[in-house]
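Quick note, the sequences are listed as chains A and B, same order. Using the numbering used here, the first residue of the first sequence is number 1, and each one after it goes up by one. Using the numbering used here, the first residue of the second sequence is number 1, and each one after it goes up by one.
Note that these hints are calculated values from the structure, not bench results. Honestly, I wouldn't trust all of these hints.
[What the hints assert, rightly or not] The calculated label-pair distances, taken between Cβ atoms and stated as ranges, are:
no., chain 1, residue 1, chain 2, residue 2, range
1, B, Gly61, A, Glu206, 35 to 41 Å
2, A, Tyr162, B, Ala142, 38 to 44 Å
3, A, Glu185, B, Ala142, 27 to 33 Å
4, A, Thr165, B, Leu210, 39 to 45 Å
5, A, Asp39, B, Arg205, 39 to 45 Å
[Claimed, not checked] A few chain B residues facing chain A, derived, Cβ under 8 Å:
no., residue
6, Glu59
7, Arg62
8, Asp73
9, Ile74
10, Asp78
11, Cys87
12, Glu106
13, Leu108
14, Pro113
15, Gln116
16, His120
17, Ile127
18, Met171
19, Val202
For each residue, glycine too, the CB sits at the ideal point set by N, CA and C.
There are 2 protein chains.
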Amino acid sequence: MRELCLPVGLDAAALKEVDRLVTDRRRLDKGAAVYRAGDPFSALYAIRLGSCKTAVLAEDGREQVAGYHMIGDIIGLDGIATERHACQAIVLEDTEVCVIPFTQLEGLARRFPSLQHNLHQFLSREIGRDQSMMLLLGNMRADERLAAFLLSLSDRYRQHGYSATEFVLRMTREEIGSYLGLKLETVSRLLSRFQSKGLLKVRGRELKLLDMPALKQLAGRGS
Amino acid sequence: MRELCLPVGLDAAALKEVDRLVTDRRRLDKGAAVYRAGDPFSALYAIRLGSCKTAVLAEDGREQVAGYHMIGDIIGLDGIATERHACQAIVLEDTEVCVIPFTQLEGLARRFPSLQHNLHQFLSREIGRDQSMMLLLGNMRADERLAAFLLSLSDRYRQHGYSATEFVLRMTREEIGSYLGLKLETVSRLLSRFQSKGLLKVRGRELKLLDMPALKQLAGRGS
DNA sequence: CGCGCCGTTGATATTATTCAAGACCAGTGG
DNA sequence: CCACTGGTCTTGAATAATATCAACGGCGCG
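Taking the hints into account, I'd like the entire structure generated from these sequences.
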């Protein structure tokens, strides 16, 4: 757990307590749900192994992927407000999570200021991420969105010690499209176009980023 | 402050302490900033009077309105993660906010579990709101977005004891468009179309919702 | 009164979606 | 081993949705 859960700046005592708190683990087969919309909220979940998507559902069944999460990420933060999960978390491959009972975590947070602040930062970071996503969905064109998405994946793989330029997508074109507010055909076309422009090489879900500066410029950063 | 800031379920002792903490107030003229992107984070702000928008900025200057906030709302939550505000908050009319020093609030939260939980719910609620917004921006058509926006305004006015069907918009068409991922002309056209369909009556920024069920149907169910 | 923003509306252009057909690929059972 | 199947992915052509460009009207304010 140590590094996974609440990585930064925790004193040893707090860490020990968190370790003691987090005893329960859960293995999930590909496609299974960590939690579903409407489930009672009782815990946060830290991904120990594998990856998942979180998605909000419209009344008519339309699904919006709200985020992709990988090893070390903590999910379920949206459930605190109403005591029920507002979205569902579906694992994209066989995955293991550890369960962090929230009421007890709050108890620890009252005893350890560093843990408390860490928790607040986690919540706040999620807000920041969501707002960047709103910017992406509200203001960017399809190719800019896809470039930004690929770069964010790249960045996270790099942070976890994997290659930043060569990785395997864990999700379908349709799921990428749902995340980016695009249809699966649009995603497919864009990947082909990026490839023909020499920005990347794509073969199914295997991806190799060839021209990061160009991608960054597209995404709105590098320019 | 009592009701404004952290309304639900606070015991008297916690409330008294919060009152003591929140002494500083600030008056802002229309168009002024409560905080700007990049400002050091030190406090949350509760709107006592007036209203404001929060907006994230892209590198190229494009602006995405992330939320509209009115009396009783608390803003600035995005700054906790990085110790700097990630977005800017601009007041839409002459507005008064009270300043809630965050480090001290964390101190209180350690002493009062009810306050602590309240704070977590606040943060979580913001996450839920942002994710609904992602659903709106990613999956809904222009008319559905506008209907959803008008209904959410209506709801909030109702909650504050104002008319749910008749109110004055505090923002320009362009700002509405920025929030909804649309251009100002599209917003204008849609308002005209809604009017011609008898859904509402619009004159400048004065708005009267005439057919709430129809608006709800537009906002809720897809095409 | 006149100037600057704000808002409306029309014509046209662009972007992304929809519909449709077929290719690919892994797993399954004959 | 091979054909079959279901899900995924690619690509094209037609279509729909929204943006862009442009002109003008109106309102508020100095």
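Hint by hint, which ones does this structure get wrong, listed from lowest number up? 3, 4, 8, 9, 13, 18 and 19
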